[in-house]
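Letter by letter, the chains look like this.
2 protein chains.
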Amino acid sequence: MFEWFKGYEENRVLKELEDLLSMDIPYSRVLSSMCTYPHPIAVKAHIKFIRSNLGDPGLFPGTAELEKRLLVMLGELFGKRDLAGYISSGGTEGNIQAIRAARNMLCTCRGNIVVPESAHFSFLKIKDLLGIDVRKAGLDEEYRVDIGDVERLVDDETFAIVGIAGTTELGQVDDIKALSKLAIENNLFLHVDAAFGGFVLPFLNNNEFNFRIKGVCSLVADPHKMGMATIPSGAVLFRDSKYLEVLSVETPYLTSSKQFTLTGTRPGTGVASAYAVLKHLGFEGMKKVVLECMRVTQILKEEVESLGLEAVIDPVMNVVCFKCNARKVREELMKRGWVVSCIRKPEAIRCVIMPHLTESAALEFVKVLKNVLHSL
Amino acid sequence: MFEWFKGYEENRVLKELEDLLSMDIPYSRVLSSMCTYPHPIAVKAHIKFIRSNLGDPGLFPGTAELEKRLLVMLGELFGKRDLAGYISSGGTEGNIQAIRAARNMLCTCRGNIVVPESAHFSFLKIKDLLGIDVRKAGLDEEYRVDIGDVERLVDDETFAIVGIAGTTELGQVDDIKALSKLAIENNLFLHVDAAFGGFVLPFLNNNEFNFRIKGVCSLVADPHKMGMATIPSGAVLFRDSKYLEVLSVETPYLTSSKQFTLTGTRPGTGVASAYAVLKHLGFEGMKKVVLECMRVTQILKEEVESLGLEAVIDPVMNVVCFKCNARKVREELMKRGWVVSCIRKPEAIRCVIMPHLTESAALEFVKVLKNVLHSL
Numbered sequence: 000m001f002e003w004f005k006g007y008e009e010n011r012v013l014k015e016l017e018d019l020l021s022m023d024i025p026y027s028r029v030l031s032s033m034c035t036y037p038h039p040i041a042v043k044a045h046i047k048f049i050r051s052n053l054g055d056p057g058l059f060p061g062t063a064e065l066e067k068r069l070l071v072m073l074g075e076l077f078g079k080r081d082l083a084g085y086i087s088s089g090g091t092e093g094n095i096q097a098i099r100a101a102r103n104m105l106c107t108c109r110g111n112i113v114v115p116e117s118a119h120f121s122f123l124k125i126k127d128l129l130g131i132d133v134r135k136a137g138l139d140e141e142y143r144v145d146i147g148d149v150e151r152l153v154d155d156e157t158f159a160i161v162g163i164a165g166t167t168e169l170g171q172v173d174d175i176k177a178l179s180k181l182a183i184e185n186n187l188f189l190h191v192d193a194a195f196g197g198f199v200l201p202f203l204n205n206n207e208f209n210f211r212i213k214g215v216c217s218l219v220a221d222p223h224k225m226g227m228a229t230i231p232s233g234a235v236l237f238r239d240s241k242y243l244e245v246l247s248v249e250t251p252y253l254t255s256s257k258q259f260t261l262t263g264t265r266p267g268t269g270v271a272s273a274y275a276v277l278k279h280l281g282f283e284g285m286k287k288v289v290l291e292c293m294r295v296t297q298i299l300k301e302e303v304e305s306l307g308l309e310a311v312i313d314p315v316m317n318v319v320c321f322k323c324n325a326r327k328v329r330e331e332l333m334k335r336g337w338v339v340s341c342i343r344k345p346e347a348i349r350c351v352i353m354p355h356l357t358e359s360a361a362l363e364f365v366k367v368l369k370n371v372l373h374s375l
Numbered sequence: 000m001f002e003w004f005k006g007y008e009e010n011r012v013l014k015e016l017e018d019l020l021s022m023d024i025p026y027s028r029v030l031s032s033m034c035t036y037p038h039p040i041a042v043k044a045h046i047k048f049i050r051s052n053l054g055d056p057g058l059f060p061g062t063a064e065l066e067k068r069l070l071v072m073l074g075e076l077f078g079k080r081d082l083a084g085y086i087s088s089g090g091t092e093g094n095i096q097a098i099r100a101a102r103n104m105l106c107t108c109r110g111n112i113v114v115p116e117s118a119h120f121s122f123l124k125i126k127d128l129l130g131i132d133v134r135k136a137g138l139d140e141e142y143r144v145d146i147g148d149v150e151r152l153v154d155d156e157t158f159a160i161v162g163i164a165g166t167t168e169l170g171q172v173d174d175i176k177a178l179s180k181l182a183i184e185n186n187l188f189l190h191v192d193a194a195f196g197g198f199v200l201p202f203l204n205n206n207e208f209n210f211r212i213k214g215v216c217s218l219v220a221d222p223h224k225m226g227m228a229t230i231p232s233g234a235v236l237f238r239d240s241k242y243l244e245v246l247s248v249e250t251p252y253l254t255s256s257k258q259f260t261l262t263g264t265r266p267g268t269g270v271a272s273a274y275a276v277l278k279h280l281g282f283e284g285m286k287k288v289v290l291e292c293m294r295v296t297q298i299l300k301e302e303v304e305s306l307g308l309e310a311v312i313d314p315v316m317n318v319v320c321f322k323c324n325a326r327k328v329r330e331e332l333m334k335r336g337w338v339v340s341c342i343r344k345p346e347a348i349r350c351v352i353m354p355h356l357t358e359s360a361a362l363e364f365v366k367v368l369k370n371v372l373h374s375l
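Going down the list, the protein sequences come from chains A and B.
Each residue of the first sequence is one higher than the one before, counting from 0 in numbering that gives the first Met the number 0.
Each residue of the second sequence is one higher than the one before, counting from 0 in numbering that gives the first Met the number 0.
Next comes chain A alone, as it looks inside the complex:
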């Protein structure tokens, strides 16, 4: 019989968990992640709702009502009060659902979509899942999608085009207005992946990515990234409830009769934590957090440029990449306890300045980077 047959005392198990937890890297030296420590109120809200299951909303009418209230707030934030949607496991589920809804609206199992070359790798999963062709449009010199190239790739089989509001690599924002024009002219579904940018751009007074732009049919934005909610918390939002309808299946043994989510059982924690942060901080509080991230980003950019590294683009949000011998630099930084990631085109290290990265930590990072550059 196996070793855990008789079980272990609670304290021994919790001690084992603590020991493993202590191996995880604290965020304070992480510049590679689009996640961060959840806000304290997010943790409090999360713990309250730890038992709730939105997969069976009739049992949890209070949690279901909370999700409705959150959707109203997100509608206000993203430019259309009466959005359809739900809180998902994150941006990948949202991207899957948006493209699936677009395909189902056209009642076809065929076709293609056009995404920017800078699209997140979740579109590779979508290609495989849905068995569709995912065409990649090139980028312009500022690493925004080349609208001419999107237009060139669209054909009779195309059912959707995608724009990114906050690319994973550079934090760049595509010209959603131009994509919208193209979508409307060609009767295409336009999906906006704002998984990262959704909780950054509105606080920088940039709304040229959301439902204020007419052609935008769906948008994903992740509270568990810059929304400082707990994981998992992603918002998948549609301009019209007809898009949810085409995702529905019948659910005979639940309190509801239909389900349009990708997953079945679904935590209420992401709803509670996202709601709590937005409601507590308000637009003004969120703006403060975002502006502070932007301030540290600017400092980091100037300091690293003074070391002789060039930023790939002037930061649009709290992401900045520096051209260098990236793999080597990354590895040396890692040895010294700092985590950045790499991008490939152009070869550069990538720094995401999340709320956990203070100004003094950023300056400490620059010192270490200086040593690394000298040592190479």
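Hints are computed from structural coordinates only; laboratory data are not their basis.
Computed from a prediction, not measured in an experiment: that's the story for all the values here.
A few of these clues could be false.
Copies of one chain are not kept apart here, so a pair can be met inside one copy or by any two copies together.
[Unchecked claim] Calculated cross-link-like contacts (lysine-lysine; reagent style PhoX-like; alpha-carbon spacing at most 25 Å): (1) K67 / K14; (2) K67 / K241; (3) K327 / K369; (4) K79 / K180; (5) K43 / K5; (6) K366 / K300; (7) K344 / K286; (8) K241 / K126.
Given the structure of chain A, go ahead and fit chain B onto it with the hints provided.
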């Protein structure tokens, strides 16, 4: 500007959450759900890992190690020590991934699968997502899949067959041995949906559903159901790592280079809570919980039968359904604060006896049911 522009004090927000939470139905009177209160140690473990993101495992090597240890325990529980797999958002993700892996192994975007008529509605989502034909095999008089019917439906285009270990409606277990024989003879992928039964059957000394059966290629089992873990926690398990390989996409900007999960960002909480429960209770402790659920199930069955209602099948696990004017009975029970669900073939009310349902609650339920039956 919208109402939450300036934000609200923490206490006011938390009070609003409490008010909504109090509208949720307590599990103590719920017989319709396959979820339950998480075990106290699950909650403690969950809270410890509330910040961890297994979508980026290089940042969380401790949490990643914990997932490995959990997979070893699950391997021991399910009859093969060196399983491949991961902890997912739940059974639906697991079913999607298993069928997707089966399809990808055959390098085709076409084909069909054969599932029992009793399969969970997640297979409707899979049909839509993957654009495959999902053929439904009939059931025998005990509501197990009819093996002859499965055989009849299999053709050259079939790439997988599915067996259920613990059907959602009746808790019935298909003849996985016979399906295994069929799968091996026809060179088919066999997936077992043990989302519910996975954490019941081994503790009833029934292992004729897992990797001990040669033809079983994949299995899902949900710790967030009878494993008493927190939501979300689902295990998707493969006999061989080659099945994970065909699900992988490249992940350029993470600490890992490939990702085989369906979602991207992924909580560590489900790993921690599932591990803590299994390790703390051990096989023996889990068995106690399951046997107590079975004891209450048996009492409920006898008491309700004494009211003149017939059980659809003799309970195989902690699920029992009673033939009656189900929609009406369900509605009347709901008015009196008790929740059951309905099944359609045959028309019956369905009771799932989870660990939250005590013997005295079950007897109280029987009293209320008696009143309802008299009132009709």
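Tell me, which hint numbers fail for this structure?
7
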